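For reference, the chains in residue letters:
Number of protein chains: 2
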Amino acid sequence: MSQEWFTRHQALLEEAVRAIHTRGYWTPFPEMPSPKVYGENAMAEGKAAALAYHDREFPLQDQGTPERWVATERSPYGVELTPKYPVFAVETLVRQAENAMPAWQRLGPEGRVGVLLEALVRLNQRSMEVAHAVMYTTGQGWMMAFQAGGPHAQDRGLEAVAYAWDEMSRIPKAAVWEKPQGKNPPIKMEKRYEIVGRGVGVVIGCGTFPTWNTYPGLFAALATGNPVIVKPHSNAVLPAAITVRVLRDVLTEAGCDPNVVQLAVFDDRQATQQLVQHPAVKSIDFTGGCAFGQWLIDNCRQAQVYAELAGVNTVVIESTDDYAGLLKNLAFTLSLYSGQMCTTTQAILVPAQGVQTPDGVKPYETVVADLAAAIDAFLSDPRVAFAVLGAVQSDETMARIDAANRGDFGAVALASKALTHPEYPNARVQTPVLITCDENDEAAYLEERFGPIAFVVRCADRDAALARAERIVREHGALTLGCYSIDPAYQERMVDASLRAGVALSFNLTDGVYVNQSAAFSDYHGTGLNPAANASYCDAAFVARRFAVVQRRWHVKE
Amino acid sequence: MSQEWFTRHQALLEEAVRAIHTRGYWTPFPEMPSPKVYGENAMAEGKAAALAYHDREFPLQDQGTPERWVATERSPYGVELTPKYPVFAVETLVRQAENAMPAWQRLGPEGRVGVLLEALVRLNQRSMEVAHAVMYTTGQGWMMAFQAGGPHAQDRGLEAVAYAWDEMSRIPKAAVWEKPQGKNPPIKMEKRYEIVGRGVGVVIGCGTFPTWNTYPGLFAALATGNPVIVKPHSNAVLPAAITVRVLRDVLTEAGCDPNVVQLAVFDDRQATQQLVQHPAVKSIDFTGGCAFGQWLIDNCRQAQVYAELAGVNTVVIESTDDYAGLLKNLAFTLSLYSGQMCTTTQAILVPAQGVQTPDGVKPYETVVADLAAAIDAFLSDPRVAFAVLGAVQSDETMARIDAANRGDFGAVALASKALTHPEYPNARVQTPVLITCDENDEAAYLEERFGPIAFVVRCADRDAALARAERIVREHGALTLGCYSIDPAYQERMVDASLRAGVALSFNLTDGVYVNQSAAFSDYHGTGLNPAANASYCDAAFVARRFAVVQRRWHVKE
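For the protein sequence lines, the chains are A and B, in the order given.
First residue of the first sequence? That's 1 in UniProt numbering, and the numbers climb one at a time after it.
First residue of the second sequence? That's 1 in UniProt numbering, and the numbers climb one at a time after it.
Don't read these hints as lab results, they were simulated from the structure.
Treat the hints loosely; a few may be bogus.
[As the list claims (entries may be wrong)] Distance windows between CB atoms, simulated: (1) B:R170 / A:A464: 47 to 57 Å; (2) B:R56 / A:N184: 40 to 50 Å; (3) A:P180 / B:E80: 50 to 60 Å; (4) A:Q277 / B:N99: 33 to 43 Å; (5) A:E365 / B:P185: 34 to 44 Å.
Bear in mind the structure is a predicted one, so any value in this text is a computation, not a measurement.
Note that beta-carbon positions come from the ideal geometry of N, C-alpha and C, so glycine has one too.
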């Protein structure tokens, strides 16, 4: 079955490999939730399927007999959706994973990739269900939940499979080694090379992007021969649980032990620590805060840790030939999912003397006022506002918004407003808050303030802004750096700064792409070079250390 | 110049890349020290060149003004060869490396690879000089010093360059990303992708293979855009110093800052610790003992550590169709360079009831006696003995041989004898010592006894031998595992054990290949899966984390 799937999806795989080598636009998973693509009633059926999990035992009975069932989620939309998940002892999960590993390994790269491609295609077919699960657990607006939670996450999963395949397929299964011996017959050996996964993988999800940030590690670890235990964020279990279920179904159909992929839900924080420190766990993929991420790196020395942590994403505004486009683009960036993206800009650096525009120099104060006005204008249409903002995922983010509104982080240029969602009256909807401060007020803007909180930072001049942007990335980390400048010399210096600091740079975004967006197969998400992340989605380094080659050899006698 | 070299050596590079993908026999560097290949007077000239370094300041004046000059070596052959090396402050070395990095990075993959291929070709031309430096500092016999120190080391360096190239060349320099927008014009972006090294690399050499174990990390780190500080073992500086000199010459000719490669010699152990813990140091390649290797892994958290440590290499003898060949092969393995190879067998596991051979079952005691006799017979020809054994490199190994001879590690089946070298009367030449013990005498044979000390371990039966072999590798690490068996079922179980334990397996070596030999482009040296090493020469994982991709993008307006 797995070989059959490999053959069926081989063209898809080859296209994906071509895409990671050429990095133009490419995706096999349509990002528009069109009935023509996903089915006439798919939207309603997906929503119903997601809501049907409420208050029921999530169907994972084939994972064994749980110790108990727990419900951990609370929807930021106030939707009633609290499925019950099985709790297993850490030792049970690890033992089941270890038992599943040898056969998964023996299936070989083709077999494993066949299974994973089939799973991705089925996940795509269930995008509507997964998207509603993402929306209701994370607070994302519908369109983002569909795109980022469905096809874009599947893209990232496929990208990881493509990288794994690209590495594994260049290792021959066998070789004949024939060494000339002058006039004597050559020495001849046969050799076999086996790709061996390093051991049990654990993938720890985050509360805001439970599929997009989970699929890269999940599919990379699986493709390279490792069983995986998925430990979602307690607030966003359902999207991961559906994913695990789809994978287990496909594994079962392929005749594999479904415990190649297991779901771990704990009601005890210590269980997570016990799991990640288990000697059999050899890789950990983590997205989340710096404190736990650093704890993982410091304490899980038996494993390779791939960590995407927090940072201070920065934009420098030096000059522009499209001031209105700049404001509109930034207003969208700051509003999208209420800034609850690891790529959202937090620090906007503006020279004190202002920004050159076609209408002359806009002083710092004017830029602040214009950006505040642009956000207000952008969100003035409630349809747009509710679609883009979504809801606030966590109590901690709500508390940070309150603190920002109170002026705890600096002078408030634009306060966050609470909006009442017409469809979900209990949803926590908040507009962005904009703070002004001086570049020396480092305590204010140099700590990650996750959520819709951005700082317009007054810098001495454009050189100071450039130097500070580099220092922010080097010392505090960033996944994104933006620069508005029409001066080629300044652009060049910004490029050099981005290379030294190791951060993806976007110039002059005034159109339909935003600094916080990252497209699979084309954009590297994270570099691994600055404190915001020690790995990238996706590159060779993300997959190459998840497996090794074990060889055997023997003489061939003629 | 670097581009010219790239073009000149491109065919060589392409052949090397083809070799790592097909893994048959291949090398561009002839392993026979033939005058036809290396020059009529090359042998004498190389020897003279090596000896001419004695008591003089090693020509590295272009590395700056040293704080002082030190001589650290003492030849195991008793040859007078104590060059003086420049000592620099750690801060000086790191600053010079950091200063050299941006331009090295800007040179790009082609330019860097061009420089490195030219350096490898020149190192090959100087093989006779390097080989004598290796022989006199390490104690290797001439032929091994030439082959392992010259062409085979160059092979491993070229292999690392090929892997780095293979990874880097699949990353496009630029892309146009064009996303369809239905009836509207597409969104179009231009993107650039830069390969960026992670930072300063440190390569720490060992006292026994100062080029073979140094070149993989050195060339992998350089090719991927990092400056490297080479810190050789204090007993074997010269081969590394000549290598650094050749690289610096080539760099200078290419118009690069020669400080892309620097030599570090310290007369103070703390300086090494200070160097490897420097925040700018991002990769460390290390070959040597477990204690310092583990210290590096535990304390140099700012860097990726590639460590080849110690282990207990194991051979299981279950049955054979060529008993004489088996004995001869093992006798050579144990004698070669007096067991001072990280791949030499230490534990030979034999079932108590004996080994099946064409002449019937040979009981354990017979196998011991026959192996001892085979070693004696093999070394009875002094010409063979001195050529193969070489000299003992360190005082510590001499002390271990004495302890083994005294019976400190178990019953002595064959004592080590001191031989007087006809040409080098002060050389420390020792034949192997063979100890017998029971598999339960773990304290004896489960610690690495580096040098010509091997244990014939009596196991309860063949199943016990198999299980123990796996446990030894898993718990104590091994670079090599050998198995003599003509039973396909037993072989299959041994394969499974090797996959679980993660170790390269050689079956039934009775001919001209030995378990402790590893051929570049075909054999993976180390897997990274067991405690003997956390990396492999060479695979994608060995190069992929040494660089990252930093991108930039901007809208294209039509």
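Consistency of the hints with the structure:
1. Remark: the range hint 47 to 57 Å for B:R170 to A:A464 is contradicted by a beta-carbon distance near 39 Å.
2. Checked against the hint of 40 to 50 Å, the C-beta distance between B:R56 and A:N184 comes to roughly 44 Å, which is consistent with it.
3. Checked against the hint of 50 to 60 Å, the C-beta distance between A:P180 and B:E80 comes to roughly 39 Å, which is inconsistent with it.
4. Distance hint check: the CB atoms of A:Q277 and B:N99 are about 41 Å apart, consistent with the given range 33 to 43 Å.
5. Look at A:E365 against B:P185: about 37 Å separates their beta carbons, and that is inside 34 to 44 Å.
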